[in-house]
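In order, the protein sequence lines correspond to chains A and B. Under numbering that gives the first Met the number 0, the first residue of the first sequence is numbered 0, with each subsequent residue one higher. Under numbering that gives the first Met the number 0, the first residue of the second sequence is numbered 0, with each subsequent residue one higher.
One thing to keep in mind: the hints can contain errors.
Derived pair list, reagent style DSS-like, types lysine-lysine, alpha-carbon separation capped at 25 Å [claimed, not checked]:
#  : chain 1 : residue 1 : chain 2 : residue 2
1  : A       : K28       : B       : K150
2  : B       : K107      : A       : K59
3  : B       : K618      : B       : K495
4  : A       : K55       : B       : K92
5  : A       : K61       : B       : K635
6  : A       : K28       : B       : K210
7  : A       : K59       : B       : K61
8  : B       : K618      : B       : K635
9  : A       : K28       : B       : K635
10 : B       : K31       : A       : K55
11 : B       : K92       : A       : K43
12 : A       : K64       : B       : K569
13 : B       : K495      : A       : K28
14 : B       : K118      : A       : K61
Covered, in the sense of this in silico footprint (three residues per stretch, anywhere, with C-beta under 8 Å from a C-beta of chain B), are these stretches of chain A [to be verified]:
#  : stretch
15 : 1-8
16 : 18-26
17 : 30-37
18 : 40-50
19 : 56-67
These are computed hints drawn from the structure, not numbers from a lab. For glycine and all other residues, C-beta sits at the position ideal for the given N, C-alpha and C.
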Amino acid sequence: MDNWIVFMMLGASIILGSIALFAFLWALKSGQFDDEEKFLNAVKFDGEEELNDAVKQEEKKKRLKKRL
Amino acid sequence: MIVDGKHYFCCNGCQGVFHLLRDEGLISFYDKAGTTTLTPPTQQYEDSSNFNSSTFYDKFVKTNSDGFCEASLIIEGIHCSACVWLNEKALHKMEGVIDANINFTNNKAIVVWADNVVKLSAIIDMIRAIGYNAFPYDASIQEAKANKERKDYYLRMAVAIFGSMNIMWIAVAQYAGYFSGITQDIKTMLNIAEGILATPVLFYSGWIFFKSAYYGMKTKVVNMDILVATGALSTYLYSIYITIMHVGEAYFDSVSMIITFVLIGKFLEILSKKNAIDALDIIGNNFPSIVNILQGNKIISCKLSDVLVGDVVVVSSGEKVLLDGEIIKGNGSFDESNLTGENEPIYKSKGDSVVSGTTSIDADIHFRATKDFAHSTLSNLVALLDTAINKKPKIQQMANKLSESFSSVILSFSVITFFIWWLWPHTFEVSFMVAISVIVIACPCALALATPVATLVGLSLGAKRGILFKEAAQLETMAKVDTLVLDKTGTITMGKPEVVKEHIYEEFDIKLLYSLVKSSNHPVAKGVFKFLTQNKEKLDEVIFDDFVQVPACGITATFEDKKFFGGNFKLMQENNITIEFSSDNTLFYFAFNGKVVAIYELSDKIKEDAKQVVESLVKRGIKTIMLTGDNRFSAKKVADEVGISEFMYEQTPKDKANFIDTLHKKGKTVVMVGDGVNDILALASADIGIVMGSGSDIAIDVSDVILLNNSLKSLEDAFKISRTTYSLIKQNLAISLLYNAITIPLAMGGFVIPLVSAISMSVSSLLVVGNSMRIRYKWNKG
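Please put together the full structure from these sequences, using the hints given.
See below:
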């Protein structure tokens, strides 16, 4: 076994691992794990309706901001 | 049962909610809720319009960076995730609500809305309409800080755990190589990989240790963080040196493990603090103080601080008196137990003075303010609090004391080891490595975990029994307590009169008495009402033709042309009803047709378990003393009944605090248990202040421990838990010290290889955690 194989494997796994770590840190920072119970239950309430609702909410925010 | 098309409802409330949800298109809530049984929304709420007052907005509503309004609410009645979904959806559908985010774990919500479109009262009305209740709370700086701190620790821990776990699998190759041979090339490569992973762990996750070490050095205190920081940093630098020079063994795994373990210990402490804050916000439920004052002929609401001397303040029955003054119109009874500890309501009429902090029972009065809020009795007490809190003795925690000397000893050991090895001719590398291994092996992982793990177990044991410790360190202080001071009213006794004896002279319809006492606010009537609901059946309400509350006397009412009287001796006398009955207890007479048909004897009952708890605490060697604002006679009666030999009577709030100070001067460690405003000074000056969950807001604020279920049994439990936890901390510290006593000489002798140090570090930490869990099992069984 050549040394470079060990080097490559080490490098690749650390990089892949760090990508996962950064994704996790981003999720933590954006508050997705603030409420563990809600996070676990969120799967049950996920669908087209929820997406539409989120979009409507964004639109409403923009509209109301203009009126401020 | 109500039938509505295909649907069946238990009550109008549920039907109303169903129609509302159907109109809003939120009907899928019922599918989401599944088999959860919902509580019918039958409760009536007071008018929500006062949520729109400017006083209210000042205190609870913030403007966020986008210019929208934002408030923190606590939602009551949430029991499943479908409830969270429903509340969020219902609010989102409201025009003007920008965002509603509800936390399921602690039922706290943050609502953002455009105030020019919708008002806060409308939002709260919506939550009430769908069957929940909401009240705003002050999302204090304290909470925001705790949340931020917790998140910060989460991030640092994620990095630390990621780094350590990955270093561990690389270390497996290192250790295998150590025993079976490995080429220097591969070894260097593994070292570099470990070094890359250890860097963020040391400098990002470990940053808090460097910071705290810096502050420690500034104040010239050798704290444990200095040991962690210097140990980790020197090991890290040494390992880089090894990697570059291609000699010896690198210790990157130790670097990340030290940081990770100690970080976990710190995180556990923060977690327990955050849980306490959540629980406190929920019992808080306090609204800002709005006062109604008379201006011309109109009654207007204004801020407490805006009331001037000479303004006329209007107080209706059931309201709190927030200012001192003199009554100019009206009369009635006041509950002053909060200030004086005396149970009996006090009758006041025109010309009498009213005191802030008391509550009107049945009085509708106008009074002229004689002092503004800043000089009122209530504010004076609060001002005295600051001095009382400063006087509180600080008992230094054992673990802190220990870790301070431990850190200095280890650091000097390491320096000595280095010089001995260097002067006993060895190369610089070898002597430095041995010196480092002393720090690594003595790494305070187990020591750092010893206290937080034990206190966390203690706090969760307490939480299950309704005992809330505000700070983890108080467990340790409480274990050292030798004197217990109890307040009488509301602590040993129920604080409310209860029926102890019933005399019935003539048969009568119980419905009439039930309806008579039901609508009265007076504590005696309430006591009778409670007795009836608990002991009688078939209690229907009748509608009286005429219903009058006679202040400080009782109630008169007319039903089917008969006149009924319920009240005290004075009421009977005034209506020419003769009575031949006397007793030490408070009496409630019920009469009609000019004859007394029933007499109820009431007294402030002693809590059921009081005697047994006092007995068992005395057996534990805790000196128990009772303080009360009440007179000698009733103090002695209660003290005798519970078995307390030492008691003080007619104590003012200041007397109580002074009494605790004298105990301190005698070298005692004191726990004070109380509930009212009259106890706050004493609660604040005691080493540990314990308050009943039903106590007044100020009392809860200044106390260290809160007994949520108001029972004295939990007081006993609190003592037991704190003592168990304390012995647990001692055991844990002994384990980690014993471990160090064995391994440090080995390390100084140079017998420790990296593998051994890594394994022994984990084993000692596991021992400490395992020992803490053992107590938990023991408690759950017993």
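Which earlier hints turn out false for this structure, listed by number in ascending order? Numbers 3, 5, 9, 12, 13 - these are the hints that the structure violates, sorted from lowest upward.
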